[in-house]
Amino acid sequence: MARVLLVEDNVRLSDLVAKALLRVAIEADCFTDIESAWEAIGQQEYAALILDRTLPDGDGIGLLRRLRDGRNAVPCLVLTARGAVHDRVEGLEHGADDYLSKPFAMEELVARVKALIRRPAAIRSMEPVLGDLHLRPEEGLVACGGASVALAPAELQILLSLMQANGRMVQRRRLEQTAWGLSEAVTPNALDVAIHRLRKKLLGIGSRVVLVNMRGQGYSLLESAGDA
Amino acid sequence: MPDPGDAQRPAAALGRLRLAATRAWEGLWERLSLSTKLIGALVVAFAVVFLLVHWISNSFEDSHYDLLSQRTLSKAAEVVVESIRWDAAGRPVAVELPPDLRWLPAALQDDLDFRIEDRDGRVLIRSPGQAHGDAASTVSRTEQDGTLFRSVTVAVGTPDTPYTLHLSLTDRLLHLLRTQVISWPTALITTVLGLVAVTLIVLLAVRRLLRPLHDASDAAATISSENLHRRLSTEGVPVEIRPLITAFNQALGRLEHGFRIQQEFLASAAHELKTPLALIRGQIELEHDFASRDLLLKDIDLMARQVHQLLHLAELSEIQNYRFEQVDLCAVALDVVGYMERKAVRSRTSLELLLPDLPVYAMADASAVFILLRNLIENAIDHSPAGGEVTVSIANEALQVIDRGPGIAPADMPRLFTRFWRGSARTYEGAGLGLSICQEIVLAHRWSINVRDASPGACFTITLG
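Going down the list, the sequences are from chains G and X.
Quick note: the first sequence, position 142, residue 142 per full-length UniProt numbering, numbers continuous.
Quick note: the second sequence, position 34, residue 34 per full-length UniProt numbering, numbers continuous.
Hints should not be assumed to be uniformly reliable.
Residues from chain G that keep clear of chain X, each with C-beta distances beyond 10 Å, as calculated [what the hints assert, rightly or not]: (1) Arg12; (2) Asp57; (3) Ile117; (4) Ala147; (5) Ala165; (6) Lys200.
Covered by chain G, per the in silico footprint, the following chain X stretches (three or more residues, Cβ under 8 Å) [as the list claims (entries may be wrong)]: (7) 260-272; (8) 310-320; (9) 367-377.
Examples of chain G residues toward chain X, derived with CB under 10 Å [claimed, not checked]: (10) Phe104; (11) Glu127; (12) Tyr219.
Everything labelled a hint here was simulated from the structure, so no lab data went into it.
Even glycine gets a Cβ: it sits at the ideal position worked out from N, Cα and C.
This is chain X alone, in the form it adopts within the complex (with noise of 0.2 Å):
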């Protein structure tokens, strides 16, 4: 039995052949440029525009033959009519023709002729060739030998002294001098040339005009986290650009507003939770005895370190708040454990600091590389044992801050860096945002964070660059 589907076949791979097709040209479409498409669209222009005027004079020609050989010998009697010259009494004497066209009427005997004659049909002035033509109609058509010719016949002189003037071409001449008029190779050469230099001044004119916006995208380039108070200049841009830029500029401001809106939101909620913290912190201070008086100053103390450390996660979460400039890591690691040092002879644990002879130079942000160490350490004191060393090292590829605690469970690996996350020992107190903050300040100086059990204790890596 044969398959239904057979005979869906061959239209199914002719669709999909299509759409493959449309597909390509779109893709093509989609990666010339304004020039070259503007040059197409008017190579093509161009040529339909030579096809049409052919098509067009050839079908009129065929269709309006006659009217055509009549026009052309109206044109040639005008010319006879006015090189008629008159005597005093009115009567024509001669015929003289522009000096171009003397030669004509003997050059061409057989196939041009005319005769001016009087009211009575006697001929006065004739032209070298023998007559042709009847002399009864205006415009007429007659075969003299197997020659086919046209003749005209106008009114010539005053209506006291009327004289007519009979002219005839042959329609060989007629349509020799009509088909001199376009000549194939001249149409093309012509547009040709027409082509080319219609693609010169494209190209340039699309140059010129595209220029303002090459050198705005230019200046777009160059906006960066840093100088968002910057705009781009619609100085010299074209009407039709304008609107573009300014919308790009209009945008750009709402990005600095909405980046002030979220620097004034964290002052004042910082100053909103902090304020009443040190407040209530200070009532608790000077009340003098009451028995959870250091528990409650201990909670505060917890609480304003969680709030700190959203506002600093908040704050390190956007890439607009770093302020990156080489910086001595070295310096910084110095600085920090310093700043540490006293926390570390409080919890009996030693801070060991291991660095290079040479300073370590990075594009850094030094505030953030120094809160990046220190909640390492702070981490790390938290989860070293009393007399526990924690040794800090920093090398040209690499930060390391490694403790000597229980070290990571291998189920806890993946949970390590989430917010509000606390290992399931808990021994001891943490907001459970310090290692987020520190993946974030990785992330933004585009350096990575690994950690490894290194039974005993922990060992995390920040590997430069």
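Chain G with its partners taken away, still in its complex shape (with noise of 0.2 Å):
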């Protein structure tokens, strides 16, 4: 049974999610603060992290940037009542793997966790190629000449799909059965922001492969024209 953190200041929202998740099998630990859960993550190995933003003793952001910084991977999706103006953008340049707006469908929620720990050995075991890209799907990462990013497992299944399809367009809907697994229950939040991430992390190991809107309707793989 898969274990994650729950950091949540409300106890009856906590509670509510971690019936949610014990129903598909997920058990998660509920704290209500950062430093509680500091000390838990210490102890105790988890394949998720739950994390609310509004805290009483700080910003949830804060306790992820400490993990991150201590170089801890866990996989994080990050809760926010904001929904702020830039919040889709920023949400996403603290280290967090995902994110979900609240009120959020707890259908949805959990879709999310699940993608998040879904095992990477899970996927084929295959090394697709594209351009300059590499995808390591075991190790979680894509390579770029000596460059190389751990990507989220919701990030690979989408990167996979696009690889595969070696340039021609995948649509949304693809890309999001692929990555959550279920065809209506994630927003389209969801690709959003994972599309976004992946966009960052292509730039970031110096890929000429670009990510491509196709006319709204979905995602294409192509080397950049310019240096082409």
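Starting from the two chains in their separate frames, assemble the complex, guided by the hints.
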């Protein structure tokens, strides 16, 4: 049984989330503040972290930053009530693997958490190559030349589908299905988040391959024209 | 019958004229620079001082003519007394005037003379000229052959060997001496040169003095909503100007504080409102079956959307919340259309995106433009009939969102962007804030938005720049 860490200061809400997760055999350890969550992480390994932003002892992002600084790559879903104009982009800049706005549908939260803790090993053991990109699903990372970057499970699934399509467009709904397994449970936000992160990561490792939105209907991977 | 107002007319006209003149003067005075004002004040001060000195000296000379003459006479006597040479017995033997004055007694025989007498009135030494004046008094005026003389008699020598010095000068010589002291051209040239020097000094001083203020205003001009944390330096600023800079910095501090408070308020308001909604939603979702479950979930989502839109409106009404940069509007449009695709499919509407061959760059806030296009497209989908088409087109001058819905009734046009206003048809559920948010975003970018009936449907156009 997978075990996740839930940091949410509203006890009733965290009870509900824990109950919903338990139905799909995910056990949640609930904490209401950053410090006790930090201690718990030191003692136990978690498959994923569900983190509220507004906590009594600070912004949940602070805990995430501490983890990332300590080279802890535990997949993290950030819950935010803020939903401010720049949060769509900003929420992803702090090392979160996914984020969900309150109020959320339980079903969607469960789908997102499941995507986060899905083991990369479950993906077919193949190592597709496209342009200068080399995907290594076993290790959960994508490489370009000497540089490589770790991918969250959903990102890995999306990139895998796109690389297999070999430059052809993949429909949004197909990408959502491969990443989250359900066609209707996730909001457009989920794919939006993953695509945004993937683009940043590809840029970060200096790849010439770009993720292109095709007429608003889907995405494809193309080698950027300027360098071709 | 004469109009009683006639008499008042000239007075009123004069009053108006005076008012106009005062206004013109005030307007001129306001436009003048500080340096010009200072120099102007100094010119006036110099002129007043110049006239005052002349007036005073003239009137003083007139009223104290005797006193001044006596002074000059006493001074001349002092010079003579100091020039007396004495022998060993204490008797005066000669008067040796200083070299530069030695020529005087001989040259001015008719106007100047002196003699030294002993106790018995015997003249021991005398000047080349004829003796004048009255020996009896210490200072006297006598007239000889129509010429006025002023004389002075002073005691010299010791009490044992007393002598007297008689000195006489003509009035005309005294007058000549005095008028030579200040001459008009000299005074005028001195004043003008003085003014030029003072003007230069004032100009330089003012420039130096105001430089810190100038620097401070340059620094202040660079402060915008994005760098409110910056403060002006008081280094090198004169003591008199420092309070102004400090006050400005304090005002900036209050502004920054207010901005932060507002941000914190938005964050906590969002948390306080949305967490209970999440709680209620979760609870309803986990309850298995009850009659109005779906309806309640729908209500909660609508309410959440309303809260979300309200917070966005509050946020987007403040220009400080924008982050402007070069943005490819085509890329944003692609993302939005992708984001809205699922909603379009669910509403059985097709989304068409028309893009130019080259990217369209604009100084914009990408997140705000995302919300702008999303709201317009959402609005268009909501008003589209099943099977309808929503067209989004991006061009260099304008962004357009066109639907094939019922269009907008002319009566509704003016209220379209009013907060919480919803169309009379009410066929869809919205917070009535979407278009208000769009308007705020357009205003912040200094773009313009307009809507026209495309019969069928509505066409929203955002004109860039």
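Here is what the structure says about each hint:
no., hint, in the structure
1, Arg12, "violated, 6 Å"
2, Asp57, "holds, 14 Å"
3, Ile117, "holds, 20 Å"
4, Ala147, "holds, 24 Å"
5, Ala165, "holds, 16 Å"
6, Lys200, "holds, 14 Å"
7, 260-272, "holds (count 5)"
8, 310-320, "holds (count 4)"
9, 367-377, "holds (count 4)"
10, Phe104, "holds, 6 Å"
11, Glu127, "violated, 28 Å"
12, Tyr219, "holds, 8 Å"
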